[in-house]
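Chemist: Sequence:
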Amino acid sequence: FCFFFGMSDISPQLFNKFQDLINKPVSDQTEFFLKSFIFALDSEWKKLIELSKTFNKYLQEYGQADGDTECALDPSQAADFLQKNGKTRTAMQRRTEIRDIDIDNNDRITFIEYLLLHYKAMIITEYYKRTGEQNNYDLSQDGIGVTGVGNILLDELFTLPLGLDPALEAAIEEFTATKKAREAQLKSLQEKASKGGVRGMAAKNEIEQLETQDSTDMNRLELTLNAAKKKAAKKSGEEAVRERKQAEESAAKAKAEESRAKLKARAALWN
1 FCFFFGMSDI SPQLFNKFQD LINKPVSDQT EFFLKSFIFA LDSEWKKLIE LSKTFNKYLQ
61 EYGQADGDTE CALDPSQAAD FLQKNGKTRT AMQRRTEIRD IDIDNNDRIT FIEYLLLHYK
121 AMIITEYYKR TGEQNNYDLS QDGIGVTGVG NILLDELFTL PLGLDPALEA AIEEFTATKK
181 AREAQLKSLQ EKASKGGVRG MAAKNEIEQL ETQDSTDMNR LELTLNAAKK KAAKKSGEEA
241 VRERKQAEES AAKAKAEESR AKLKARAALW N
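Okay, so the sequence shown: first residue is 1 according to the UniProt record's numbering, each after it adds one.
If you are wondering where the hints come from, they were derived from the structure by calculation, not from laboratory data. If you're wondering where the values come from, they're calculated on a predicted model, not measured in any experiment. Do not take every clue at face value.
[Stated by the list, open to error] Distance windows between CB atoms, simulated:
no., residue 1, residue 2, range
1, GLY148, VAL198, 53 to 63 Å
2, GLU248, GLU211, 44 to 54 Å
3, THR178, ALA254, 18 to 28 Å
4, ASN135, THR88, 36 to 46 Å
5, ALA202, TYR62, 43 to 53 Å
6, ARG130, LYS47, 20 to 30 Å
7, ASN105, ALA227, 38 to 48 Å
8, THR178, VAL198, 27 to 37 Å
9, LEU263, THR178, 18 to 28 Å
10, ALA167, GLY145, 53 to 63 Å
11, GLN209, ASN85, 23 to 33 Å
12, LYS262, ASN85, 53 to 63 Å
13, GLU258, LYS17, 52 to 62 Å
14, GLN93, VAL198, 44 to 54 Å
[Stated by the list, open to error] List time: in silico DSBU-like cross-link candidates among lysine-lysine, alpha-carbon distance up to 30 Å:
no., residue 1, residue 2
15, LYS245, LYS53
16, LYS245, LYS231
17, LYS35, LYS179
18, LYS179, LYS231
19, LYS264, LYS195
20, LYS204, LYS17
21, LYS84, LYS46
22, LYS129, LYS35
23, LYS253, LYS24
24, LYS57, LYS204
25, LYS53, LYS253
26, LYS47, LYS230
27, LYS253, LYS264
28, LYS87, LYS180
29, LYS46, LYS87
For each residue, glycine too, the CB sits at the ideal point set by N, CA and C.
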């Protein structure tokens, strides 16, 4: 028995947010996922960046799925990509789980939808860690066979972690923006280089220079990102919970005072 969550099992608010996200470029989807799970990924965050590069390369080599959604794989391609990136499953398991994360049921698997499957066990774990609820899903096999969790996956995806410092957000944005610009420039140069001739040779030289510069800049940005992440981590946990509790208490106090003021004003009308 297979259960597919589909759109009806996901709140309209989460679905609308997700619809907006899946129509963005792979780089933007990567950035959002990184912001949301930077602490959960910990030192593995660089693997997410590499995975996005691999996804883009796969699109270039095998072509994207037909349809309006840009940069998406069809279910067969998604199954192949899943298998090639260390997520071994049977053919039936791949079909079932890929269909399960096709949030909008259009047979197009965007990168962010793929990430919901690739990191499913991590996302579900983070959700129950945050909510304190009982987790009844068996995640011992990396979430293989676990389906019908769409609302949980999207809820956690769109809940940014406590203590996410603005400096960390800025570092992530700078990292992905620089990477995006480099990739666009590299693609343009590769097209020129493929045509050969004097301009092709010049483009090849520029590619070599760009790759050297890219490595240096990315190492610098990585240090900045790790430093911001370390600083932000200090604000998370107990401190962030305490800050949120204080904010909630202040809001409740302000609401109570407002209510008393209204009652007082109403009573004054009768005097």
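Chemist: Indicate, hint by hint, whether the structure satisfies it.
Modeler: Structure-based check of all given hints:
1. In this structure the hint that GLY148 and VAL198 lie 53 to 63 Å apart at CB holds, the actual value being about 59 Å.
2. For GLU248 paired with GLU211, a C-beta distance near 50 Å keeps the hint of 44 to 54 Å intact.
3. Hint check: THR178 to ALA254, Cβ distance near 42 Å, so the stated range 18 to 28 Å is violated.
4. The hinted window of 36 to 46 Å between ASN135 and THR88 is violated, with their beta carbons roughly 23 Å apart.
5. Remark: the range hint 43 to 53 Å for ALA202 to TYR62 is contradicted by a beta-carbon distance near 30 Å.
6. For ARG130 paired with LYS47, a C-beta distance near 23 Å keeps the hint of 20 to 30 Å intact.
7. Our hint of 38 to 48 Å for ASN105 and ALA227 holds, since their Cβ atoms are close to 42 Å apart.
8. Roughly 30 Å separates the CB atoms of THR178 and VAL198, a value that falls within the hinted 27 to 37 Å.
9. A beta carbon spacing of about 57 Å between LEU263 and THR178 contradicts the range 18 to 28 Å that was offered as a hint.
10. ALA167 and GLY145 have their C-beta atoms about 40 Å apart, which leaves the hinted 53 to 63 Å range violated.
11. For GLN209 paired with ASN85, a C-beta distance near 31 Å keeps the hint of 23 to 33 Å intact.
12. Remark: the range hint 53 to 63 Å for LYS262 to ASN85 is upheld by a beta-carbon distance near 59 Å.
13. Checked against the given bound of 52 to 62 Å, the beta carbons of GLU258 and LYS17, roughly 31 Å apart, lie outside it.
14. Checking the proposed 44 to 54 Å range against GLN93 and VAL198 shows it holds: the Cβ atoms sit about 53 Å from each other.
15. As the CA atoms of LYS245 and LYS53 are separated by approximately 40 Å, the hinted pair breaks the 30 Å bound.
16. Simply put, LYS245 and LYS231 have alpha-carbon atoms about 21 Å apart, close enough for the 30 Å limit, and the pair holds.
17. Restraint check for LYS35 and LYS179: satisfied, since their Cα atoms lie roughly 16 Å apart, inside the 30 Å limit.
18. At roughly 23 Å between alpha-carbon atoms, LYS179 and LYS231 fall within 30 Å of each other, so this suggested pair holds.
19. In summary, the hint linking LYS264 to LYS195 is not supported, as the alpha carbons are separated by about 81 Å, beyond the 30 Å threshold.
20. The straight-line distance between the Cα atoms of LYS204 and LYS17 is roughly 41 Å, outside the 30 Å bound, and the hint therefore fails.
21. Only pairs whose Cα atoms come within 30 Å are accepted, and LYS84 paired with LYS46 is accepted, the gap being roughly 18 Å.
22. Simply put, LYS129 and LYS35 have alpha-carbon atoms about 18 Å apart, close enough for the 30 Å limit, and the pair holds.
23. The suggested pairing of LYS253 with LYS24 is violated, with an alpha-carbon distance near 41 Å, which exceeds 30 Å.
24. Between LYS57 and LYS204, the direct Cα distance comes to roughly 19 Å. Compliance with the 30 Å bound is thereby established for this hinted pair.
25. Between LYS53 and LYS253, the direct Cα distance comes to roughly 49 Å. Violation of the 30 Å bound is thereby established for this hinted pair.
26. The straight-line distance between the Cα atoms of LYS47 and LYS230 is roughly 18 Å, inside the 30 Å bound, and the hint therefore holds.
27. About 16 Å separates the Cα atoms of LYS253 and LYS264, which keeps this hinted pair within 30 Å; it holds.
28. Our distance criterion of 30 Å between C-alpha atoms is met by LYS87 and LYS180, whose separation comes to about 27 Å.
29. Taking the CA atoms of LYS46 and LYS87, the gap is about 18 Å. The hint holds against a cut of 30 Å.
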